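Asks: Sequences listed follow chains R and X, in order. Quick note on numbering: the numbering used here labels position 208 of the first sequence as 886, and the sequence is numbered without any gaps. Quick note on numbering: the numbering used here labels position 312 of the second sequence as 990, and the sequence is numbered without any gaps.
The hints are simulated quantities; they were obtained by calculation from the structure and are not laboratory data. On a predicted model such as this, the values are computed, not experimentally measured, just so you know. A portion of the hints provided could be inaccurate.
No copy labels: a pair is met if it fits in one copy or bridges any two.
Stated by the list, open to error - Capping the alpha-carbon separation at 25 Å, the derived lysine to any residue pairs in SDA-like fashion look like this:
id: 1; residue 1: K956; residue 2: P1034
id: 2; residue 1: K787; residue 2: N923
id: 3; residue 1: K787; residue 2: H689
id: 4; residue 1: K1064; residue 2: N892
id: 5; residue 1: K913; residue 2: L1024
id: 6; residue 1: K1064; residue 2: R692
Here is how the chains run, residue by residue.
There are 2 protein chains.
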Amino acid sequence: MQTIQEYIAQHKERFLNELIDLLKIPSVSADPAYNQDVLNTADMVKLQLEKAGCDKIEICETPGYPIVYGEKIIDPKLPTVLVYGHYDVQPADPIDLWDSPPFEPIIKKTETHPEGAIFARGACDDKGQMYMHVKALEYMTNTGNLPCNVKFMIEGEEEVGSESLAWFVPRNKEKLANDVILISDTGMIANSIPSITTGLRGLSYVEVEVTGPNRDLHSGLYGGAVANPINVLTKMIASLHDENNHITIPGFYDKVENLSREERDEMAKAPFSLENYKKSLEIDAIYGEKGYTTNERNSIRPTLDVNGIWGGYTGEGAKTVIASKAYAKISMRLVPNQEWREITELFKKHFESIAPKGVQVKVTPHHGGQGYVTPIDNIGYQAASKAYQETFGVTPIPQRSGGSIPIVALFEEELKSKTILMGFGLDSDAIHSPNEHFGVWNYLKGIETIPFFYKYFTELSK
Amino acid sequence: MQTIQEYIAQHKERFLNELIDLLKIPSVSADPAYNQDVLNTADMVKLQLEKAGCDKIEICETPGYPIVYGEKIIDPKLPTVLVYGHYDVQPADPIDLWDSPPFEPIIKKTETHPEGAIFARGACDDKGQMYMHVKALEYMTNTGNLPCNVKFMIEGEEEVGSESLAWFVPRNKEKLANDVILISDTGMIANSIPSITTGLRGLSYVEVEVTGPNRDLHSGLYGGAVANPINVLTKMIASLHDENNHITIPGFYDKVENLSREERDEMAKAPFSLENYKKSLEIDAIYGEKGYTTNERNSIRPTLDVNGIWGGYTGEGAKTVIASKAYAKISMRLVPNQEWREITELFKKHFESIAPKGVQVKVTPHHGGQGYVTPIDNIGYQAASKAYQETFGVTPIPQRSGGSIPIVALFEEELKSKTILMGFGLDSDAIHSPNEHFGVWNYLKGIETIPFFYKYFTELSK
């Protein structure tokens, strides 16, 4: 029987070309201008699931972008793995910072990826990592190595909050019934140090609008005499952190899970070089909440970041104007036990309360989601760990991630099953940034590792 | 001999149509895209000066946009009035807030302007007010009423700092030699309460750039662990004012002219309704430096306002990104005795000094200028005051303006002559804002009043 390694050696070129075709479609879910491209991507995913061996594939309509569903049920008595991924991508701007066009994938060698990396928006997040599962399925079905049932659910709104998925899942519990959920939408520490993400941060994303005078004003005639919405917005945002970079929103930390000294010591064992970290970002110093390490700040601690700000004259040259309105997009990363809707409410209440006289403030929640933790004694985690040992030759490290996959908490709530996060990307892959890429080695290693998860999960389920 | 009133009655329609043609050209000096339009506007001004009776007209080349020069010397022994104005305009954005296209002038009646107002970018600032002088000259030359010599100097970079004018004036002192400089680029209190601007604020305009990590980052993986340039920028800007809205830049107030109680009491006599002020801006409260009234805050006190801010994702929907860079345009209005270059230096030094570790800060000065004061015993002021009495029937009030016309200080320094600011616009004319307009009554009243200035200035010069 052909091994996965043999199969990959034989089909490697095609695996890469199929992914490149998928990456050429700009499926930016945040921007309505790409509406048709997002829909076309869903069709392409459907087609590929069919080719890979799914025997029941549908494009499931939702209030937003459709969800591609596919399944292969070989025996109802066997366990079922539900694979989740997303076919939408982040916006590519700032375009001018890309070395090659974001939707014209090219393979280039890098220091981290001597065997080459595919550069394109979505290469790693999440088209590349999602497609590993499609190719792993192709191997298992074509070679009679599929040991259990499999279901695929690939959505198109992950980058904008998965609202339609949250609508879809509760309405399709039977269709989605499973024993474990498998996702590759996270990273690992290094190609020589595989890790499995056991924790995710929650998210609350809001947009704020500060309105002062009813029109833009001449800064000479009115400057100093009326509240300037931009100056006011900067004061309000600045006040959201104190001098120790603690967030000042009343009640914000009330439900934060505080890790024990032991747990923090365990985390501290993960290899990390502050020098390399600073070097890779070209910063002279790190920054953050007092009393925590860098790895703690971006994983077990909640944060508040401005993701965008705008107001007034931003064009060429100078315009002496006081803008009528100023805006900001602000997101908070949350940790287990913080309830995102409650945090959104706390933010809204606080932000409105600190608005000075002379301006009106509007807070509009965008989306959010809960944090999540997988216990490492879960058989899903055990199966993943064994799979990495097979293909990497080392035991993967359990790791808390700073990122958010809000629907993982939703899955647990609605489908009562745990999610295993087998990520094959690297932090340096620049997801959400210009020049996003995914190592060719990582892509193929993922395809190689996934079938072992199915094997061990089926065995451990007996 | 035909009076100015008779002449206006006869040519009113043409006066309006000629101005409308001038307003149709988008001479936005701040935006290179309008380069040709700015040049075309200069040509149109030259043509109209010729028609109005100037006997020596030139387009004077400069390092930037040209200066239109015209003169009519009737007798070297008579005094000479130098008229200054500008043919460039502010950018029109935000375009979507205009009720009619900014460069398609239309006349509409308003509450303040029952006889109609011309709505267009530049209607009041400064095409309309500049053109009043061209039409006043036409009357004086066509009817043999020109009592002295006149020179026109109309520039095309006032809205971007008059750099080329600052280059031109010292190189053309003889050509520009005059006894008084006359400018209409300010406003008056109300149509029933004419006022003459006796003070102007200086200006320092800078752009700041804060750079954090070398690329945009995923706010989940890096949030809370690296300095976010937008958060840092808001903290830095917020710190520029203390809780009393005093500016915190060390040395900023050192040279500020402090008015006596008497002078402030005199100012306080100018009619002002706080209720109407708030109503017209639709704000529930005023704002500003503690210990000063609204009229003091926007005239005799220096200020610091953010005119524009931008960074990160500002498009549709949500993007969870930490931007690599954040920017702001910041201007400071200065009062007499503050030296703008020194203030710019103080800002730069201070702003760079408050940057936290983890970011790089760049401060780029845009332009600036000195404040200015005209004593009311100056014969130019006296002539202007008598002119208003002739046509308004009341004595105008001397008034400090919050605006800046940097070149007025330059004129005094280079040409050793005082400037008289005869403004006919109103604060409610929305200059620098959407729906800028200029009252038809004000336009014609300006044309009517200006010849009397020439008459009285010539008499008082004997």
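Asks: Each hint: holds or not?
Replies: Right, here's what the structure says about each hint:
{"no.": "1", "hint": "K956 - P1034", "result": "between (38 Å within a copy, 15 Å between copies)"}
{"no.": "2", "hint": "K787 - N923", "result": "neither (39 Å within a copy, 54 Å between copies)"}
{"no.": "3", "hint": "K787 - H689", "result": "within (21 Å within a copy, 76 Å between copies)"}
{"no.": "4", "hint": "K1064 - N892", "result": "neither (63 Å within a copy, 37 Å between copies)"}
{"no.": "5", "hint": "K913 - L1024", "result": "both (19 Å within a copy, 22 Å between copies)"}
{"no.": "6", "hint": "K1064 - R692", "result": "neither (28 Å within a copy, 89 Å between copies)"}
Hint compliance for this structure: hints 2, 4 and 6 are not met, and every other hint is.
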